[in-house]
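Could you put the whole structure together from the sequences, leaning on the hints where they help?
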Amino acid sequence: MDSTTRTSRRHVAPFRSTVPVLLLALAVSLATPARTQDNIFTGTNSGVAIIRIAVADFKPLNADPQTAAFKQTFDATLYADLASAGNFDIVSKSLMPPGNPGAPAEVVLPSYANAPASAAFVVFGSFGVVNGKLIANGFLFDVKNLQYPQVLAKQYNEAPGDDSARQIAHRFADEIILHLGGGIPGIAETKIYYVKLLGNGIKEIWSMDYDGANQHAITHLGTISISPRISPDNTRLAFASFGKYGSQLKMYSLLLNRYIAFPSGNVSSESPAWSPNGNELAYAAAPNGSFEIWISDSNGNLGRRITSFHGGNVSPSYNPKTGAQIAFISDRTGLPQLYIMNSDGSGVQQMTDVGYASSPSWSPNGQFLAFAWDRKYGPGAPGGQDIYVMEVATKKWAKLTHDGGRCDFPSWSPDGRHIAYANSADGRAEHMRIWTLLVNDVSVRRPLTGPGADMPNWSWK
Amino acid sequence: MDMDRSLNMAPDEPLQSQMDVALAVQEKPMTHTQFFQPKSFLRSSLRSALVLAVALAIVSGCHKNAAPSLSPESTAPTPAPLPPMPTATLTADPLAIDLGQSVVLNWRTTDATNVTIDGIGPVNPNGTQTVSPSASTNFHIVAKGDGGSIESSVRVTVRVPVAPTVPADNTASADMGSEADFHANVQDIYFDYDSYDLRADGQAATVKAASYLVAHPDIRIVIGGYCDDRGSAEYNLALGENRANAAKTALVNAGVAPARIRVVSYGKEKQFCTEESESCWQQNRRAQFSLDQ
Chain A
1 MDSTTRTSRR HVAPFRSTVP VLLLALAVSL ATPARTQDNI FTGTNSGVAI IRIAVADFKP
61 LNADPQTAAF KQTFDATLYA DLASAGNFDI VSKSLMPPGN PGAPAEVVLP SYANAPASAA
121 FVVFGSFGVV NGKLIANGFL FDVKNLQYPQ VLAKQYNEAP GDDSARQIAH RFADEIILHL
181 GGGIPGIAET KIYYVKLLGN GIKEIWSMDY DGANQHAITH LGTISISPRI SPDNTRLAFA
241 SFGKYGSQLK MYSLLLNRYI AFPSGNVSSE SPAWSPNGNE LAYAAAPNGS FEIWISDSNG
301 NLGRRITSFH GGNVSPSYNP KTGAQIAFIS DRTGLPQLYI MNSDGSGVQQ MTDVGYASSP
361 SWSPNGQFLA FAWDRKYGPG APGGQDIYVM EVATKKWAKL THDGGRCDFP SWSPDGRHIA
421 YANSADGRAE HMRIWTLLVN DVSVRRPLTG PGADMPNWSW K
Chain B
1 MDMDRSLNMA PDEPLQSQMD VALAVQEKPM THTQFFQPKS FLRSSLRSAL VLAVALAIVS
61 GCHKNAAPSL SPESTAPTPA PLPPMPTATL TADPLAIDLG QSVVLNWRTT DATNVTIDGI
121 GPVNPNGTQT VSPSASTNFH IVAKGDGGSI ESSVRVTVRV PVAPTVPADN TASADMGSEA
181 DFHANVQDIY FDYDSYDLRA DGQAATVKAA SYLVAHPDIR IVIGGYCDDR GSAEYNLALG
241 ENRANAAKTA LVNAGVAPAR IRVVSYGKEK QFCTEESESC WQQNRRAQFS LDQ
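Keeping their order, the protein sequence lines are chains A and B. Under the numbering used here, the first sequence has 208 at position 208, and the numbering climbs by one with no breaks. Under the numbering used here, the second sequence has 210 at position 210, and the numbering climbs by one with no breaks.
A portion of the hints provided could be inaccurate.
Unchecked claim - Heads up, simulated DSSO-like pairs for lysine-lysine below, C-alpha to C-alpha not over 27 Å straight-line: (1) K144(A) to K133(A); (2) K144(A) to K191(A); (3) K154(A) to K93(A); (4) K376(A) to K270(B); (5) K270(B) to K244(A); (6) K133(A) to K191(A).
Don't read these hints as lab results, they were simulated from the structure. These numbers were taken from a predicted model, which means no experiment stands behind them.
Rendered as structure tokens:
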């Protein structure tokens, strides 16, 4: 990598729109050289300002004893979904006007438009268990448009339950985000698959909602299972599991709730990656004593080798926008570094040339690579391993985490606004936990799990 | 062998009795019907294991068919108006089974009003039943009629699998050598940080290991490749594979057939030492040899 890449790293500003914006960003970066916080503009918010929005607690429909508990879950989930989406400025609860409007006739729009709320939009509605059904009526109103304020009106009708309340909130939040977020679907209904560390060295594949709720086991193999990768249509989970022949790929059907055949012979294989059309699987396999990148169809047949460098070639990640490129990790020059190539193996480009790089994840818009990097890796060098983002076209990079310890396995959310990753503050594997951060504002981070969770993989939708 | 063992219900029985029984079973594989005689019971004796009783009855039946075969009651001096003596036969097919298999019991009686089989209860005068005993069993039928009572029995032998006994240390076959010898001669190879090149100590270890393996051509081995817990899990699988293959290549170059060697990488997934120190990391960075079993 050349030196200009390093000196201009403070602000990576790949706005697609205009050169002036880029220059402006560069100017800002030069004007504030002492800033420690890197900011990444991933383009996902281009043309859409941060919107100030008031989220009112929903009005209970009745005094049913179930209503209160479920409504608390619903209100908290909806608020958290919108607050963490990355494109809203949420009106603090203490600045909200009194009362909870349950229907359009009850909402007093100026009370939300005026200070101190000063909101542009208000979310409100009613919620309750009626005749054994969980009913939610949700509204999104434009408080500045007094004549036709209604932007969105939704009714949900589900079997009562805490999980139903949460799922309804996720669906309503995604509707709001789709309308106000520049047309990019929300992620509140997505899942994160990950490795759960159980006792005795056993690791199983688990799943959770994107906000850390609903954590549950997928596999029960009683061995070491790692590197979960969910298919683009959310129906199949590829992962690697240890048996007699070491690590081998396995496939689990989330429709059939059972393992489905995936031929491995007696060859070691690992780190699967789905092509965006779901028809192909890239992975690392070592039939001849050294791991190379291979591609097969999604049933594990018709495997063909893509790389040819003795050593280690692992962790492929497709460009999800085009499906025509693959990022991967190779040690052909010494320590493992980040590379990209075309999916037929041609056009190999080295993206990093110092330290120790691992675990690439290609952003949904195809412009960025997230990866883990220890830039001062070596004996005695106390380099931390952090999450970095690199713009593929320019090889400019920025550091997203400053947590200390070890960060690994970044995985982009499907809206490209968030990255899930694993962090262990003291570097110990058993203390790994899964976090998410907002790429545009990495100060917004939160843990999704407790210790003992690793290798997150965010679903495609 | 099986039959002897399975018939040996009472450990104190004399060997001769067991053999008699075995012999009897062989001679008359299907049916053994005999009137029980009090004398037989007395003679047969000591621990009066039923099996022995039956066996001796059978034996005596084989050799002493001329002996009176009527119950004491029926030997009354005025035989003419007496009701007919009941008869009973009980057979089992097959006579010997493996644990979990089943046996068809088949019985026929005549002139009996009340027929019972031990363990089954009252049964029809003639019938069949499938049973699946969990241990060798004597099935015993009692047929009572106006003319008296008669008994018959059949023994079903159940072969219970016996776990193979583990030979004591150092009794493995000569070609395989002992596990202790193996580990004394074929020792783990340690690697530098992020490297899969054999160091000088690793070269020496593989020379010693190869000479032992060449001398014991029946040994097949697994080489496990391991890494310390720093770095990427997925890349470390490749590093472990390379370490194990470096050891394999050294052995093959020293004359060990490649087909005898299997390579498995565990990457950083199985840590022997979990402290964050160089000495601990060194223990984890290794190619480990074990017998392929």
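Structure-based check of all given hints:
1. K144(A) to K133(A): violated (34 Å)
2. K144(A) to K191(A): violated (35 Å)
3. K154(A) to K93(A): holds (23 Å)
4. K376(A) to K270(B): Within the cut-off at roughly 26 Å; holds.
5. K270(B) to K244(A): Since the Cα atoms of K270(B) and K244(A) sit roughly 14 Å apart, the hinted pair holds (cutoff 27 Å).
6. K133(A) to K191(A): The given pair, whose Cα atoms are some 26 Å apart, holds under the 27 Å limit.
In summary, the numbered hints that this structure violates are 1, 2.
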